[in-house]
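Engineer: Listed here are the chains, written in short residue letters.
There are 2 protein chains.
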Amino acid sequence: MSAGEFELINHYFKPAPDALNPASVLLGIGDDAALIQPDAGQALVVAADTLVSGVHFLADAPAAEVAQRALRVNLSDMAAMGAEPRWFTLALTLPKTWSDETRREWVADFSRGLKDCADGYACSLIGGDTTSGPLSISIQMLGQVPAVKALRRDGAGLDDFVLVTHTLGDSAAALATLDEDSLNVAEAALDETDRAYLQSRYYRPEPRISEGVLLRDIASSAQDISDGLLADLGHLCEASDVAAEIDIAELPLSLTLQKFDVGQAQRWALTGGDDYELVFTVPEQNMPQLAMAQAQGRIQATVIGRIVSGAGVHCELDGAPFSVDTTGYRHF
Amino acid sequence: MSAGEFELINHYFKPAPDALNPASVLLGIGDDAALIQPDAGQALVVAADTLVSGVHFLADAPAAEVAQRALRVNLSDMAAMGAEPRWFTLALTLPKTWSDETRREWVADFSRGLKDCADGYACSLIGGDTTSGPLSISIQMLGQVPAVKALRRDGAGLDDFVLVTHTLGDSAAALATLDEDSLNVAEAALDETDRAYLQSRYYRPEPRISEGVLLRDIASSAQDISDGLLADLGHLCEASDVAAEIDIAELPLSLTLQKFDVGQAQRWALTGGDDYELVFTVPEQNMPQLAMAQAQGRIQATVIGRIVSGAGVHCELDGAPFSVDTTGYRHF
Numbered sequence: 001m002s003a004g005e006f007e008l009i010n011h012y013f014k015p016a017p018d019a020l021n022p023a024s025v026l027l028g029i030g031d032d033a034a035l036i037q038p039d040a041g042q043a044l045v046v047a048a049d050t051l052v053s054g055v056h057f058l059a060d061a062p063a064a065e066v067a068q069r070a071l072r073v074n075l076s077d078m079a080a081m082g083a084e085p086r087w088f089t090l091a092l093t094l095p096k097t098w099s100d101e102t103r104r105e106w107v108a109d110f111s112r113g114l115k116d117c118a119d120g121y122a123c124s125l126i127g128g129d130t131t132s133g134p135l136s137i138s139i140q141m142l143g144q145v146p147a148v149k150a151l152r153r154d155g156a157g158l159d160d161f162v163l164v165t166h167t168l169g170d171s172a173a174a175l176a177t178l179d180e181d182s183l184n185v186a187e188a189a190l191d192e193t194d195r196a197y198l199q200s201r202y203y204r205p206e207p208r209i210s211e212g213v214l215l216r217d218i219a220s221s222a223q224d225i226s227d228g229l230l231a232d233l234g235h236l237c238e239a240s241d242v243a244a245e246i247d248i249a250e251l252p253l254s255l256t257l258q259k260f261d262v263g264q265a266q267r268w269a270l271t272g273g274d275d276y277e278l279v280f281t282v283p284e285q286n287m288p289q290l291a292m293a294q295a296q297g298r299i300q301a302t303v304i305g306r307i308v309s310g311a312g313v314h315c316e317l318d319g320a321p322f323s324v325d326t327t328g329y330r331h332f
Numbered sequence: 001m002s003a004g005e006f007e008l009i010n011h012y013f014k015p016a017p018d019a020l021n022p023a024s025v026l027l028g029i030g031d032d033a034a035l036i037q038p039d040a041g042q043a044l045v046v047a048a049d050t051l052v053s054g055v056h057f058l059a060d061a062p063a064a065e066v067a068q069r070a071l072r073v074n075l076s077d078m079a080a081m082g083a084e085p086r087w088f089t090l091a092l093t094l095p096k097t098w099s100d101e102t103r104r105e106w107v108a109d110f111s112r113g114l115k116d117c118a119d120g121y122a123c124s125l126i127g128g129d130t131t132s133g134p135l136s137i138s139i140q141m142l143g144q145v146p147a148v149k150a151l152r153r154d155g156a157g158l159d160d161f162v163l164v165t166h167t168l169g170d171s172a173a174a175l176a177t178l179d180e181d182s183l184n185v186a187e188a189a190l191d192e193t194d195r196a197y198l199q200s201r202y203y204r205p206e207p208r209i210s211e212g213v214l215l216r217d218i219a220s221s222a223q224d225i226s227d228g229l230l231a232d233l234g235h236l237c238e239a240s241d242v243a244a245e246i247d248i249a250e251l252p253l254s255l256t257l258q259k260f261d262v263g264q265a266q267r268w269a270l271t272g273g274d275d276y277e278l279v280f281t282v283p284e285q286n287m288p289q290l291a292m293a294q295a296q297g298r299i300q301a302t303v304i305g306r307i308v309s310g311a312g313v314h315c316e317l318d319g320a321p322f323s324v325d326t327t328g329y330r331h332f
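These protein sequences, in sequence, are chains A and B. Residues in the first sequence are numbered consecutively from 1, following the UniProt record's numbering. Residues in the second sequence are numbered consecutively from 1, following the UniProt record's numbering.
This is chain A alone, in the form it adopts within the complex (with noise of 0.2 Å):
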């Protein structure tokens, strides 16, 4: 840690003293480096990822919004594993050319989205780095989970059903609406709530942390749909040796989406990036098992289609070939 990170972390990251630390922490923000204690028979989980202002988010994206969407990215690759995030560490590069008060300010919002976040997902941040220059958040998350119990990707099996949580194709409205020029399509039809709607499903996606958890037990495989449905689950059929058939018409569209051209909306659900749902497989053995847990209100699920033999994704609509011009969001 530099001199002048000191103050900063000091006064908006460092938790009061009388605020405890979970016991796992036997030394958090500080010291040249955090200790935490995982528990016993429990494997670590580790995830990295990085928001560039001007790439993952609008230069002038409220600070609490950049800190939101920075933690629940990185948590829905908890989720995506099966696992309960549990501590975190936040590299923070910060514009030289900002004053002190733009600084603090920023700082400000951005450590109060962050602790609200985190809160709400029980993990604590536990160190970190902050440095000058252009301005990205890079946040690496450690959560826990038995080593057997793991949702890889790689365990797809012939004939698996194929389904998602909640709906697609939100994030990349809410990008269409949020660059006001570049929407064309049913704009009329949204309203105020729509609206806050889209937006919040971009900058709070929801990680699917209770829904990993559960489907340890359930499903083959899984993985979040960061860079758009076709293409993640495009890798995890390529990780399993299979193929996948999905059904357009399946696809969960958000009744804000359907407000949509539904040709436009089945696009942004097969190929807009930022949804961090959860796309996943499961043996027909297991559905009952599913089904149950979808009826108590533990999960929001659609089957889409079937894993079959082969390689890649193949899309049908009404019985008939589907093909889309691209295949996913791609940052670079």
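Some hints here could point you the wrong way.
[Unchecked claim] Dumping the calculated BS3-like pairs for lysine-lysine here, alpha-carbon to alpha-carbon at most 27 Å: (1) A:Lys14 - A:Lys96; (2) A:Lys115 - A:Lys96; (3) A:Lys14 - B:Lys149; (4) A:Lys14 - A:Lys115; (5) B:Lys149 - A:Lys96; (6) B:Lys96 - B:Lys115.
If you're looking for bench data, these hints aren't it; they were derived computationally from the structure.
Dock chain B against chain A, hints included.
Structural biologist: Just chain B, lined up with the frame of chain A:
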């Protein structure tokens, strides 16, 4: 992970199938997150450090050297905790403006440097994230230490000796010689060996891992020197609620640094950042154990002062107070 990064990561960072991961890595690069199995009875040590182009390294610095440096500054945090490094993640941000060829060449070079360094310190890359944006590297390092043995900053006691490993100020001298315009002190006296030595000290600081492990049973507190001795010893004193008295004449200087004006060399040793040596405190009763280890060649350390009551770091030269005009390198 985005789609584009798959090719990069798979090609350059994923170990070959026949290059076995250590048994502790249950699942490495390629899934939503990595899965590792820490050893029973050990606490986990977590550190994160970011290097930004133009701030922490020159924009045209060789990629392999940038990788070495990025990993070594994180390894140094492990050393400062008395921990053994085990696993790390990498968040790599590469300019969108780079051509595919430039990106490939840079990443090939970077991954080679990273692997060389990781192999040398027995730690494994387990995952990460590549994205587009201004060139920067964020590494999060995970290590292990028995919880009660961790070297913290807050353990220094009255009358403890203050020591540093090896020599100080070389990195600051390196920065001065790398930036040829700024050097006007004793430049003529440096030969090629001196220059190579300084550059190596800057780009490849030697994390004092084995020294840290040794000091688990000897030192009362420790931290690494990233912001300069005065600043970092100041942090240690603040955390321990004590003061330190330092004898400037005792600061260990390399033969190369001794070719500079002694006042300049001492200023670099006191305030130059990026040394990544350890500053630590040893109770008098543990000094024989340290002397024994020193005689066995297991550590090279120099007594530079004592811990006293009060606050701050007080410097003396020839028995008179010595004041320094700056208290350390500030990244901010």
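Engineer: Now look at each hint and say whether the structure bears it out.
Structural biologist: The hints, checked one at a time:
no.: 1; hint: A:Lys14 - A:Lys96; result: 23 Å, holds
no.: 2; hint: A:Lys115 - A:Lys96; result: 24 Å, holds
no.: 3; hint: A:Lys14 - B:Lys149; result: 24 Å, holds
no.: 4; hint: A:Lys14 - A:Lys115; result: 11 Å, holds
no.: 5; hint: B:Lys149 - A:Lys96; result: 38 Å, violated
no.: 6; hint: B:Lys96 - B:Lys115; result: 25 Å, holds
Violated hint for the displayed structure: number 5, the only one.
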